[in-house]
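*Asks:* The residues making up each chain are set out below.
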Amino acid sequence: MDVILLAPPRDGEPTPPSPEGPRLHGPLGEQRLRALIAWFMDRAQFVRLIAFVPAAEADFRWLLDFLSAAARSYGVEAVAILLLEQVTEDRLEALHTYGILDLVVLATMDRWESASAAMTTLARFRSARAAVARSGRGLSCRLWLAPGAGWEHHRRLASLSRGAPWLAIDTPGFDLAAETAAVPHALPEELRALPGGCWLYDQSLTIDAAGRVRICPRHAAGEEQGAGDLFGHTPEELLSRKTTVRGRVGQTAACRLCQVRGRFQWPESERPRPLPANAGAAAPAGAALAIVAPATAAPAGSPAGDGRAPLPFLQEILAVEGGAGAEALGAFEDRLETWRARLEEWDPGEGQPG
Amino acid sequence: VTGPGTLRAAVPPGARLALSAYPCRLPHVVLEQGQLFFGGLLDPEAGAAECRFLALADGKTPFAAILTAEPSAMGAAAASRHAVWLAQPLDRLAPAAAARAGGGPRCLLVGAHPGDVALSMGGLVLVRGKQARFTELCCFSRQIETRVPRAFASQVAVTAVRRDESHLAAAVLGIDTRHLDLPEYVLRQTADARDRMLLAPPEFEAAVRIALHDAIVELAPDQVFAPAAAGNHPDQRLIFDAIVELFERGDFPGTSYHLYENVPLAVAHLHVDDFLARFEGSYLEACAWYEEITEVLPQKLSLLEIFRSRLDLSFRPLLAAVARRDALLADLPPGSAAERFWTLREAAIYR
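Sequences listed follow chains C and E, in order. Under this note's numbering, the first residue of the first sequence carries the number 5, and numbering increases by one thereafter. Under this note's numbering, the first residue of the second sequence carries the number 3, and numbering increases by one thereafter.
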């Protein structure tokens, strides 16, 4: 699970009204985040923390402490996302000192001069530190470069590549600010009825500076409550709400477009390998989500339907919702009984049990 | 060549070496430390004079001014294969397109890859440019294929140069251009993409249909031009199928749907025959029509120079041959050039 921590909005930045209460970048926020990470770890979920670097110095210090401690205590991976103006020697030094070595810099071709200057700063810092931190790992730098207007993309890219061969340049892995209509125009019914949702949404939990769990703007349209509150809901509740929201608006085509456009590839998470063709084929409707093995895809044509494996926590939650949970459990127990009977009658000399 | 005065009389505006023309170095050109690179490959034939000429050839400076600043550039300009010559400066071409935004029918030109529209129906756009508002929609602009893989080492680099070429061609044509940034077929088939891609093929097809549907809703075009998908390239076929489906559904009754002869695949006669065979016995009819482009053929052929990361200049005679073939089919006089289109409609027996 990727936990994406947003930075507090900067001056003049449009943001939803923030309730009075505890902040993410504070002691209570750290406590709740630790509980969330521990909850995932208890369920054998690998966690990555992907944090947007906040502008305020105090928030930045908090982030450094938290990421560093989380990496030491839980073994999570920590990735810091910096805007162009945040690539300064001081910040890089602080991140390096605290052992946060995976850096992502966000830039667009339209702000080429700033991007170039930021990369120069990064190169200078990198060479001065011999690119090795106390953990023994080198600094890993990625530039998420969004296209702009004009016809200078290639020349600028070539210039960057030559100047910084150690830099991995790619299109942005995600764009949290993207806003589109949830239901684009008057789509034909058969296009709208196809299953929606996206891998990024499934694989991540995005938390803003007020502790609210943000959902994708495409999912969130008309959904004022979002997917919950880090300070007010348990992890189970947060994930359950996220799943519920997806179920309600996941039928929109906007999600499907987003998948192929902005979220064609989630940077590191590989698509799970499919199960053998016969695995889970006998799963009853509604129960498939509860019996598919973690980190494996549902086979094509199975009741899981869309070829993506639900995450373990989703399996648990979906299995206990409404009557589906009881049905799933009943069907599962029936199948266990059948297998037990077959095993009792099985003669090993005859090969595999039928 | 005896001097600028001779050249002024000998060449039309916008032609190579015309003093009033605006040479523009191509997107693949990278100049570093007095050397010229084609993407990441050093061009050993390029000399210092050509590098100096290309450094000044920004598409906004007239050749006369370049000659004044760099008198030795004449020979390099004559020989250079890395610049396109424009009749107007680049910064004046885009506003000219914007100024036309007010009048004429709106035409949506759907292309699978960067360059498809310019090379397939650039002649029509050049001929009718002042009578209509053209918007190009490039669907699969996230690219990995190039004719020079060693020059463009990564998918990001290929995408960048193809996007630049598309923008430059659009500016020359005076049209608006948009990119959907869908991944092209070859990219979708890479092992890395198969491991990480989110959408199964049917869902991907649905996404293309939705994107085209959205574009038509947003732009409300009177005419939609899409590839005939001669040669059945998977990406072009996706668009063709989506457009035929939109036509069949009748979601946009005020919109006419046309198919253009997509190059380079339409160069092969058999591919065009296969395309026409799709309509045999169908209740759909593809009604052929032609646009004469004799006057603008040199300009259209010069567009080919822009897409050098994709096509070699040896493709130029083939492009001209297609234009002559279409002129022959249109019963135009010898020496003429044309582009072929088909308009979708219900077959007469069903009307």
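Don't take each hint at face value.
Going by beta-carbon spacing under 7 Å, a handful of chain E positions derived as facing chain C [to be verified]: (1) VAL158; (2) VAL163; (3) HIS169; (4) LEU346; (5) ALA349.
For the chain C half of the interface with chain E, some residues (derived, Cβ under 7 Å), not all of them [claimed, not checked]: (6) HIS158; (7) ALA162; (8) PHE336; (9) LEU340.
Beta-carbon label-pair distances, calculated as ranges [what the hints assert, rightly or not]: (10) E:SER258 with C:ARG115: 55 to 65 Å; (11) C:GLU93 with E:ASP60: 46 to 56 Å; (12) C:GLU156 with E:ASP314: 18 to 28 Å; (13) E:ARG83 with C:GLY142: 35 to 45 Å; (14) E:ARG280 with C:GLU337: 45 to 55 Å; (15) C:GLN207 with E:GLY77: 54 to 64 Å; (16) C:THR112 with E:PRO255: 53 to 63 Å; (17) C:GLN207 with E:ALA349: 20 to 30 Å; (18) C:ARG115 with E:VAL188: 37 to 47 Å.
Derived from the structure by calculation, the hints contain no laboratory data. C-beta: ideal position from N, C-alpha, C; glycine also.
*Asks:* Look at the Cβ atoms of ARG280 of chain E and GLU337 of chain C and judge whether their distance stays inside 45 to 55 Å.
*Replies:* 54 Å, holds
*Asks:* Does the nearest C-beta of chain E fall within a distance shorter than 7 Å of the C-beta of ALA162 of chain C?
*Replies:* 5 Å, holds
*Asks:* With chain E as the partner, please determine if PHE336 of chain C meets the hint condition of a C-beta pair closer than 7 Å.
*Replies:* Cβ of PHE336 of chain C sits 27 Å from chain E, so the hint is violated.
*Asks:* How about VAL158 of chain E: closest beta carbon in chain C under 7 Å, or not?
*Replies:* With a closest approach of 6 Å, the VAL158 of chain E hint holds.
*Asks:* Look at the Cβ atoms of THR112 of chain C and PRO255 of chain E and judge whether their distance stays inside 53 to 63 Å.
*Replies:* Violated, since THR112 of chain C and PRO255 of chain E (Cβ atoms, about 40 Å apart) do not stay within the stated range.
*Asks:* Is the gap between the beta carbons of ARG83 of chain E and GLY142 of chain C within 35 to 45 Å?
*Replies:* 42 Å, holds
*Asks:* Closer than 7 Å between Cβ atoms is the bar; does LEU340 of chain C clear it against chain E? Give me holds or violated.
*Replies:* 31 Å, violated
*Asks:* Going by Cβ atoms only, is HIS169 of chain E closer than 7 Å to chain C?
*Replies:* 4 Å, holds
*Asks:* Should the hint that GLN207 of chain C and ALA349 of chain E are 20 to 30 Å apart at their CB atoms be regarded as holding?
*Replies:* Roughly 50 Å apart at Cβ, these two residues miss the hinted range, so it is violated.
*Asks:* Confirm or reject the claim that GLN207 of chain C and GLY77 of chain E have a C-beta distance inside 54 to 64 Å.
*Replies:* 59 Å, holds
*Asks:* Could one say that the CB atoms of ARG115 of chain C and VAL188 of chain E fall in the range 37 to 47 Å?
*Replies:* Since the Cβ atoms of ARG115 of chain C and VAL188 of chain E sit about 31 Å apart, the hinted range of 37 to 47 Å is violated.
*Asks:* Do GLU93 of chain C and ASP60 of chain E keep their Cβ atoms within the hinted range of 46 to 56 Å?
*Replies:* 35 Å, violated
In the structure shown, a violation is registered for the earlier hints numbered 4, 5, 8, 9, 10, 11, 16, 17 and 18, in ascending order.
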